[in-house]
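Q: Given chain A's structure and the hints, the job is docking chain B onto it.
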Amino acid sequence: MRNICLKNVSKTKNGHVIFDNISLEIPSGEFFALLGPSGCGKTTLLRLIAGLEKVDSGRIFLGNVDITNEPVHKRKINVVFQNYALFPHLSVFDNVAYSLLIQKKAKDEISYKVRKLLKAFHLEEHIFKKPSELSGGQQQRVAIARAIVSEPEVLLLDEPLAALDFKLREKLLIELIDLQDKLLTTFVYVTHDQFEALTVADHMAIMNTGGKVAQIGTPKEIYEFPNSTFVAQFVGNTNIFDGNLVVEDGETKFEVPDLGTFIVSPPHNSTLFSQKEAVMSIRPEKIFISKKPVENFTNTLKGSVSSIVYTGRSTLYEVVLKNRIKVQVFEQNEEHFPQETIDYDDEVYLSWQKENIVLLEG
Amino acid sequence: MSEALSSQLSLHVKKEKNQSSFWKRVKKEFPFAIGSTPFIWQLFFFYLPLFFLITSSVIKLSQAGHFETFTLEHFRTIFTPTYFHVIKNSLSLAFFTTSICLIIGFPLAYSIVFHGGRLKSLLLFLLIIPFWTNFILHIYAWFFVLEKHGFINSLLLSTGLISDPIQFLNSYFSIYLMMVYFYLPFMVLPIFSSLERFDHSLLEASLDLGANKRQTLRRILIPVSMNAIKSGIYLVFIPSFGEFVIPELMGGAKDLFIGNVISLFVMDYHTAPIGIAFTVISVVALLLSLIVLQFGLKQVTKLLIGGTSWAKS
Numbered sequence: 001m002r003n004i005c006l007k008n009v010s011k012t013k014n015g016h017v018i019f020d021n022i023s024l025e026i027p028s029g030e031f032f033a034l035l036g037p038s039g040c041g042k043t044t045l046l047r048l049i050a051g052l053e054k055v056d057s058g059r060i061f062l063g064n065v066d067i068t069n070e071p072v073h074k075r076k077i078n079v080v081f082q083n084y085a086l087f088p089h090l091s092v093f094d095n096v097a098y099s100l101l102i103q104k105k106a107k108d109e110i111s112y113k114v115r116k117l118l119k120a121f122h123l124e125e126h127i128f129k130k131p132s133e134l135s136g137g138q139q140q141r142v143a144i145a146r147a148i149v150s151e152p153e154v155l156l157l158d159e160p161l162a163a164l165d166f167k168l169r170e171k172l173l174i175e176l177i178d179l180q181d182k183l184l185t186t187f188v189y190v191t192h193d194q195f196e197a198l199t200v201a202d203h204m205a206i207m208n209t210g211g212k213v214a215q216i217g218t219p220k221e222i223y224e225f226p227n228s229t230f231v232a233q234f235v236g237n238t239n240i241f242d243g244n245l246v247v248e249d250g251e252t253k254f255e256v257p258d259l260g261t262f263i264v265s266p267p268h269n270s271t272l273f274s275q276k277e278a279v280m281s282i283r284p285e286k287i288f289i290s291k292k293p294v295e296n297f298t299n300t301l302k303g304s305v306s307s308i309v310y311t312g313r314s315t316l317y318e319v320v321l322k323n324r325i326k327v328q329v330f331e332q333n334e335e336h337f338p339q340e341t342i343d344y345d346d347e348v349y350l351s352w353q354k355e356n357i358v359l360l361e362g
Numbered sequence: 001m002s003e004a005l006s007s008q009l010s011l012h013v014k015k016e017k018n019q020s021s022f023w024k025r026v027k028k029e030f031p032f033a034i035g036s037t038p039f040i041w042q043l044f045f046f047y048l049p050l051f052f053l054i055t056s057s058v059i060k061l062s063q064a065g066h067f068e069t070f071t072l073e074h075f076r077t078i079f080t081p082t083y084f085h086v087i088k089n090s091l092s093l094a095f096f097t098t099s100i101c102l103i104i105g106f107p108l109a110y111s112i113v114f115h116g117g118r119l120k121s122l123l124l125f126l127l128i129i130p131f132w133t134n135f136i137l138h139i140y141a142w143f144f145v146l147e148k149h150g151f152i153n154s155l156l157l158s159t160g161l162i163s164d165p166i167q168f169l170n171s172y173f174s175i176y177l178m179m180v181y182f183y184l185p186f187m188v189l190p191i192f193s194s195l196e197r198f199d200h201s202l203l204e205a206s207l208d209l210g211a212n213k214r215q216t217l218r219r220i221l222i223p224v225s226m227n228a229i230k231s232g233i234y235l236v237f238i239p240s241f242g243e244f245v246i247p248e249l250m251g252g253a254k255d256l257f258i259g260n261v262i263s264l265f266v267m268d269y270h271t272a273p274i275g276i277a278f279t280v281i282s283v284v285a286l287l288l289s290l291i292v293l294q295f296g297l298k299q300v301t302k303l304l305i306g307g308t309s310w311a312k313s
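Chains A and B are the protein sequences, given in the same order. The first sequence begins at 1 in the numbering used here and counts up one residue at a time. The second sequence begins at 1 in the numbering used here and counts up one residue at a time.
Keep in mind the hints are simulated off the structure, nothing from the lab. Heads up, some of the hints might be wrong.
[Said to hold, decoys possible] Restricting the straight-line Cα-Cα distance to at most 27 Å, the calculated cross-link-like pairs of lysine-lysine (DSSO-like) are:
hint, chain 1, residue 1, chain 2, residue 2
1, B, K230, A, K129
2, A, K253, A, K326
3, A, K129, B, K302
4, A, K302, A, K253
5, A, K113, B, K302
6, B, K213, A, K74
7, B, K230, A, K113
8, A, K105, B, K230
[Stated by the list, open to error] Sample of chain B residues facing chain A (criterion: CB under 7 Å; computed from the structure):
hint, residue
9, L202
10, A205
11, V224
12, D255
Backbone N, C-alpha and C fix where the C-beta goes; we use that ideal spot for every residue, glycine too.
Here chain A stands alone, though its shape is the one from the complex (with noise of 0.2 Å):
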């Protein structure tokens, strides 16, 4: 298993200056997310890996070996296409057997790998219609299919789910992640659907415009610990406090004016302190709301409901503070008939601990 290794990347498109100078490691064996807008590059990204587009400066490395001059048919890394590009001509047998024939494998060799592989994607049926013929989450089985059956060290997939709907999205989002710890094949999966990146990844890259890698890490350590304010924004829902850091009686503090100041933890980066600006970012979910006010918590904020959007697990509450900011906050709905309901201009409360707060720079 050999990791894939970009150093000093550069690329320009058409004029438009895709990457400056981009390094990024990509571990072996895991399932790795590439999460940006649209437009960040990621496509391009995962297209030089797989050697569809070249190199403007910088190496690519397989491991130790470079291959940033092989030739696309050459390298062991196979792409899951966006729209999937299934030879239309070809039958679902023949579309999955395309790599094994290209490499003149013995005719019972590939009978026994694409039927084995077809039935443990429950293509069984399907095997010798056209890919017009299937629907397009059996396209999208036979893609994976083709680009696996010839056991390619790297899979990168390109928005593979992005056509299919909600529920299907999910289902085959499991089925990836099982299939994946089946094959250990390492797997690099380019998506600007967050959610999507949080359900799959062992780490995710977060790109920002311009071709940057902003933070890379755990989903977890993504959500809970984002290392900007794009990263806190980009990938969840977020508030944002623009302030500053103050200590206060040995007490670190967050001042935000026209509201009030906050009791935070020390932030890592000490750096935050002398700057004059910083940003607090607090996660809608870590908020708890009530029309009393409740003990314990570090700090909380008063303010009116200006709206409430109910999604079935959860309600989502728009509270309008004093100045004029409005704050996002997300309550489960545990129960039938909750103790009290909260309704349009309820007067509020908000609390949160401080250990839920992310300091980042302004």
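A: Using the frame of chain A, we list chain B on its own:
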């Protein structure tokens, strides 16, 4: 006011309902009616003339031009090796013209689409420009290029490559040169438009799965654009089978082609029924060769893909 409006509306809805049920009935009881317009067109301009053609090849007319009897006499007249030789000439003219057009046309369309870049539409435009002038004018223009003291010969003579002018005209060379010159766009255009729409990710997927460029061309690009290649082949094969202006003018009428023979019987000898009988035989020959062609192309496609029919057992 609103009541009147609503009653009017409901009336309108009722009307529409009636109409739709009327069309439903028409569709149900006369399913043919919907497609009748093109059928009528075909009937008058295709089937009816064909019917007249075939019938007039099997009837004998009296001196006064009245129907006398049914006969196969006209067919018997031309059912000789000489005329089969003529059909063979035409078939081989069509076959070689099509082959040369395909050999030149596919790479041409390919390079315009995949390597043409910004010049793509200009290159296609240049291909079509010759069609703006009359065909006969082209042939005369080529006379000046190919004749004994024409452009090419004087060029070759002046460079000293040859000492005597080459006889270009009245040869198979000039026939095929003109045939390819004239029919090449018919091959290139359908292939061009198919390659233009070709999903690039299929080529990328093939390369990604380990196939090199040659294998990708063979197994993916050509088979997927086979329908366009077929239409190109038919667009060249069918008319060049009946072509007689080019061989007549460029070949010096040394060899006879079906067009020459038909025109001889109909125009020169005033024996139209024999000419028509020959036309019918030619059409049958064309149909048969198209069936063979279709079958052959199917086999070629199978061969290119390298199918896995063994997998079904």
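Q: Hints first: check each against the structure and report whether it holds.
A: Evaluation of the provided hints:
With a C-alpha separation of about 24 Å, the suggested pair B:K230 and A:K129 falls inside the 27 Å cut-off, and the hint holds. A hinted pair counts as satisfied when its Cα atoms are at most 27 Å apart, and A:K253 with A:K326 qualifies at roughly 21 Å. A C-alpha spacing of about 17 Å is found between A:K129 and B:K302, which places the hinted pair at or below 27 Å, so the restraint holds. At roughly 18 Å between alpha-carbon atoms, A:K302 and A:K253 fall within 27 Å of each other, so this suggested pair holds.
Restraint check for A:K113 and B:K302: satisfied, since their Cα atoms lie roughly 23 Å apart, inside the 27 Å limit. Proximity of B:K213 to A:K74 is assessed by CA-CA distance (about 12 Å); at most 27 Å being required, the pair is judged to hold. In summary, the hint linking B:K230 to A:K113 is not supported, as the alpha carbons are separated by about 35 Å, beyond the 27 Å threshold. Simply put, A:K105 and B:K230 have alpha-carbon atoms about 32 Å apart, too far for the 27 Å limit, and the pair is violated.
With its C-beta approaching chain A no nearer than about 5 Å, B:L202 sits inside the 7 Å limit, and its interface hint holds. Here the hint on B:A205 is kept, as its CB sits about 4 Å from the closest CB of chain A, short of 7 Å. Taken as an interface hint, B:V224 checks out: its beta carbon lies about 5 Å from the nearest beta carbon of chain A, inside 7 Å. Of the supplied interface hints, the one on B:D255 is violated, with its beta-carbon coming no nearer than about 40 Å to a beta-carbon of chain A, more than 7 Å.
Violated hints for the displayed structure, listed by number in ascending order: 7, 8, 12.
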